[in-house]
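Trainee: Chain by chain, the residues:
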Amino acid sequence: MRSNISAFLSGLLFAIGLGISGMTDPANVLGFLDIAGAWDYRLAFVMGGAIAVHAALRPLILGRERPLFTAKFPTFSASGVDRGLLVGAGLFGVGWGLGGYCPGPALTSLATGAMPLLVFVPAMFAGMALAQVPRARRSASAGTPVPGASPAP
Amino acid sequence: MISSLLPPLLGGALIGLSASLLLLANGRVAGISGVVGSLLAPVRGDVAWRVLFLTGLLTGGLLLVWLRPGSFPAPTSLSADGAWLLVGAGLLVGFGSRLGNGCTSGHGVCGISRGSARSIAATLTFMATGVLTVFLVRHVL
Numbered sequence: 001m002r003s004n005i006s007a008f009l010s011g012l013l014f015a016i017g018l019g020i021s022g023m024t025d026p027a028n029v030l031g032f033l034d035i036a037g038a039w040d041y042r043l044a045f046v047m048g049g050a051i052a053v054h055a056a057l058r059p060l061i062l063g064r065e066r067p068l069f070t071a072k073f074p075t076f077s078a079s080g081v082d083r084g085l086l087v088g089a090g091l092f093g094v095g096w097g098l099g100g101y102c103p104g105p106a107l108t109s110l111a112t113g114a115m116p117l118l119v120f121v122p123a124m125f126a127g128m129a130l131a132q133v134p135r136a137r138r139s140a141s142a143g144t145p146v147p148g149a150s151p152a153p
Numbered sequence: 001m002i003s004s005l006l007p008p009l010l011g012g013a014l015i016g017l018s019a020s021l022l023l024l025a026n027g028r029v030a031g032i033s034g035v036v037g038s039l040l041a042p043v044r045g046d047v048a049w050r051v052l053f054l055t056g057l058l059t060g061g062l063l064l065v066w067l068r069p070g071s072f073p074a075p076t077s078l079s080a081d082g083a084w085l086l087v088g089a090g091l092l093v094g095f096g097s098r099l100g101n102g103c104t105s106g107h108g109v110c111g112i113s114r115g116s117a118r119s120i121a122a123t124l125t126f127m128a129t130g131v132l133t134v135f136l137v138r139h140v141l
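Chains A and B supply the protein sequences, listed in that same order.
Once you know that position 21 of the first sequence is 21 in this note's numbering, the rest is easy, because the numbers rise by one and skip nothing.
Once you know that position 74 of the second sequence is 74 in this note's numbering, the rest is easy, because the numbers rise by one and skip nothing.
If you're looking for bench data, these hints aren't it; they were derived computationally from the structure.
Hints should not be assumed to be uniformly reliable.
Simulated crosslink set (SDA-like; lysine to any residue; CA at most 20 Å straight-line) [claimed, not checked]: (1) A/K72 with A/L86; (2) A/K72 with A/V87; (3) A/K72 with A/L60; (4) A/K72 with A/M1; (5) A/K72 with B/G70; (6) A/K72 with A/I61; (7) A/K72 with B/V47; (8) A/K72 with B/A83; (9) A/K72 with B/R44; (10) A/K72 with B/F135; (11) A/K72 with B/L40; (12) A/K72 with A/L57; (13) A/K72 with B/V131; (14) A/K72 with A/V121.
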């Protein structure tokens, strides 16, 4: 129960942060990616601010034996950079550059009920589902847990 | 100049705080594509917190609509071409973020904070293809 409240609050804080930062306006995102035009570098400070805070707090958090409301901290795949990672990230970047939306800002902006999001978000879920079908099959045949069971990324 | 950097920095700090809260309380990584995408292949006992996180995101969106409507672009009409572009963009963002195991938040914020080589490689890659795409759309086509 408490873990559900903290997850809700985390999502709420995330959305407010996205809104204040400017990430929920695709014009800002496309301006940031347009380094050959009138480059709007401001969004670099969003990632900078987020990394500064999280990188500072992370070691303190991981100094605990376990999270507040669950059994254990995440473990991460020891595998290196592979083709799926690079191809996936590459395709993701193309979509990001076309629409100006990545998943967090798109879901947050869905609250406006604006038409672009009503088109983009279902397409995004369809794309996610497409990517997960072969993965779920592979996992099932290899006897390893499905993607949802392991922490991303 | 400096004042125009304050909202991005403050917003970014809140995102970092959100990711830290989720790690501290739930032991989870705040990668949006992973948190939400895993709902499409639900695993028993691993659903509620994801739904609640998503509900928090949407509630935050509603709060912004109410208190800070300028966070979002002014509503415009959507042409058929524009709609198809967004379908393509959405498919690529969804497919790519799951294939690559993360998006701007999971790789760009959480992964880089951890110093993960995979996340640094992914972030450089999606930044590069994003820049290239905008370059082609705005300056070539």
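Trainee: It remains to establish, for every hint, whether it holds in the given structure.
Mentor: For each hint, the structure was consulted:
no. : hint              : in the structure
1   : A/K72 with A/L86  : violated, 29 Å
2   : A/K72 with A/V87  : violated, 31 Å
3   : A/K72 with A/L60  : holds, 15 Å
4   : A/K72 with A/M1   : holds, 17 Å
5   : A/K72 with B/G70  : violated, 40 Å
6   : A/K72 with A/I61  : holds, 12 Å
7   : A/K72 with B/V47  : holds, 17 Å
8   : A/K72 with B/A83  : violated, 43 Å
9   : A/K72 with B/R44  : holds, 17 Å
10  : A/K72 with B/F135 : violated, 44 Å
11  : A/K72 with B/L40  : violated, 24 Å
12  : A/K72 with A/L57  : holds, 17 Å
13  : A/K72 with B/V131 : violated, 38 Å
14  : A/K72 with A/V121 : violated, 32 Å
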